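Participant: Given chain S, work out where chain C should sit, using these hints.
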Amino acid sequence: MSQNSSLEPQCPLPLASDDTIRLAHGGGGRLMQQLIHEIFLEAFSNSYLNALQDSAVLPTQDGRLAMTTDSYVVQPLFFPGGDIGSLAIHGTINDLAMMGASPHYLSAGFILEEGLPIITLKQIVSSMAKTAQDCGVHIVCGDTKVVDRGKGDQIFINTTGLGVIPQSVDIGPHRLTPGDRIIVSGDLGAHGMAVLSQREGLEFSGNLRSDSAPLPDVIADLLKHNIAIHCLRDLTRGGLASALNELATAGPSTMTIKESCIPISDPVRGACEILGLDPLYVANEGRFVMFLPSEDVDRALSLLHQHAVSKNATDIGEIRLPESTPHQSLVTLETRYGTHRILDLLSGEQLPRIC
Amino acid sequence: MKYVDEFRNPKAVEALSREIHQITRHSWTIMEVCGGQTHSIVRYGLDRLLPPEISLIHGPGCPVCVTPIELINTACELAKIPKVILCSFGDMLRVPGTNEDLLKIKAQGGDVRIIYSPLDAVAIAKANPSRQIVIFAVGFETTAPAQAMAILQAQRMELENFFVLVAHVLVPPAMEALLSSPENRIQGFLAAGHVCTIMGYDMYEPISEKFQVPIVVTGFEPVDILEGVKMVVDQLEEGRSAVENQYARSVHRSGNLEAQKVINEVFEPSSRIWRGIGNIPKSGLQLRLAFTQFDALQQFHDRIHLTDVTTSPPSECQSGRILQGLMKPSDCPAFGTRCTPDHPLGAPMVSSEGACAAYFQYRPSRVAQL
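Protein chains in written order, with the numbering used here: chain S, 1 to 355; chain C, 1 to 370.
Excised from the complex, chain S in its bound form (with noise of 0.2 Å):
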């Protein structure tokens, strides 16, 4: 694997799946390798890993570079529809595919708690490496430092995502155009109930699983169709309505979108409606809003609709010209009662209510 064999591990006992993350696995010594070669490189293997060097070295590209990163903190780790280590790699490039860049390259970094089973590293690093794989990028450089007990939950990872932006390409708040029509890739929140009603012990009946998924294929082909994108977000932590409101506040134009366009799937409702949830606010890890001018609108959504992850997408609404007041930079909802009300941003967390 590696042409440097001083870097070859000297012992000879294989990480036992039953053995446990030690301070010492993060201290540098034999340990260490063993946990780098066994486990990081076993999974990840590719030629720009493998080189072992202090840089990951990488060809040059045509077009612009994006780069984004992101840290992954969630609990429980494992949950229906996803992991840990399926969501490093999906958040990441997802964040890459907004700015309509194709992912390469990514880092990986892991903080690990001192007593996480080893079983549980390799199923997370597993699932990191299948879905990257199936993704089509490369974990090129990665790093491990293990922490006292108590001192972290179990394991952090933070990734750092490299793609390309083709140079026709200008995705982003800027190009917002009164106008424009909001299209959402698919049904909402269910990536924040599944892990939420995981976490909590709760029990809803019907299938919560997080839509935790790769976007940049369907954006790539959003492209290559010529979909005039004007914007993309993905909504993750804050929803919807967060993902709105930040937009809205990069332009002088107010959004509108319709309640009874917004598509949430049942069991994401019943579970919001016991817990007082508002499903607009809840996180997806799967879904983005698209602006775009309202020509491209059928064609876009026959395309988006060819797409497993995207086949429910829907146009929910529109920008547009600030009306007469000023600091009018809002989120309106249109009820399905013809009334309107502000869709604002969330007052820190969203609490489950009382009674």
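Bear in mind the hints are in silico, worked out from the structure with no lab data behind them. The structure displayed is predicted, hence computed values, not measured ones. Be careful, since some hints might not be right.
[Said to hold, decoys possible] Restricting the straight-line Cα-Cα distance to at most 30 Å, the calculated cross-link-like pairs of lysine-lysine (DSBU-like) are:
no.: 1; chain 1: S; residue 1: Lys145; chain 2: C; residue 2: Lys106
no.: 2; chain 1: C; residue 1: Lys230; chain 2: S; residue 2: Lys258
no.: 3; chain 1: C; residue 1: Lys230; chain 2: S; residue 2: Lys151
no.: 4; chain 1: C; residue 1: Lys83; chain 2: S; residue 2: Lys151
Facilitator: Frame of chain S, contents of chain C only:
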């Protein structure tokens, strides 16, 4: 989704709105008691579907909002005790005490945990025999049965590390107090559907008769609320005052007798201070003598140091007038400027059932005031 969609049906809402317009001939002021109803009204803009003669005012039915600041300060003090795990419903965590809220205590190292049911706290107590578990028992008659069940379960399990900071309040005495106020302008009530699911509604009959007000037990969905308003307006226009039940799919006249039995076994009525309103006789619950071993105040009385803090809410906060329906949140000079969910002056701006939070969250009109 069954039991929800039919009560949010736009056609039914439109039809009810039309009927209310047709029957209304005079001006009427109606109070919805429960904060959940207030949120539905503001969230869906239901008040804007009513004729201008009908004014909806928002009642004190937000348990978090009416919990007195002394009890919040006490909960904060309890959460600071090293071996204590303070369990609370999520809503309570951001409500400001005099100097701090429970979220701040949590950030400073206090063990504060959000629970979804009082029975969760029993499980925590069982799993942590070396810790002392205090549950901040807030709520109306709706949450009292589960709270009482938790105490009975702790008793059966002989748990010696389970304690309760009781802050339960009762709705009918508060309605009576509002009607007795010289400033009262309430002409009809939408009574709180969930409270009546537990307690029934026969206890409202003497109130309706004494004060000559229509009281309609009402649910929480748009169709429920408009139907409740229509039933109140029907009575008012016809000069009647009776107790009627709009929420018959959930509420029976005598309520849930089993739940009432559990409440009565563990708790007895006591006078209670309502934040912003004051002391109302027999409007709260306290532990019966046989259960005082679970009383957190008794267990930790020497650990609670409240003498150095003032216990009055900021003078600018109008929550008392808002909770009595004497003022709308948007009429408060601090609303949306000096008082926001990020920097609340009072509980109604914090709780998900608070009227101020509902107006701030949903009402486009606040923009003009910024």
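Participant: List in ascending order the numbers of the hints, as given earlier, that are violated by the structure.
Facilitator: 3
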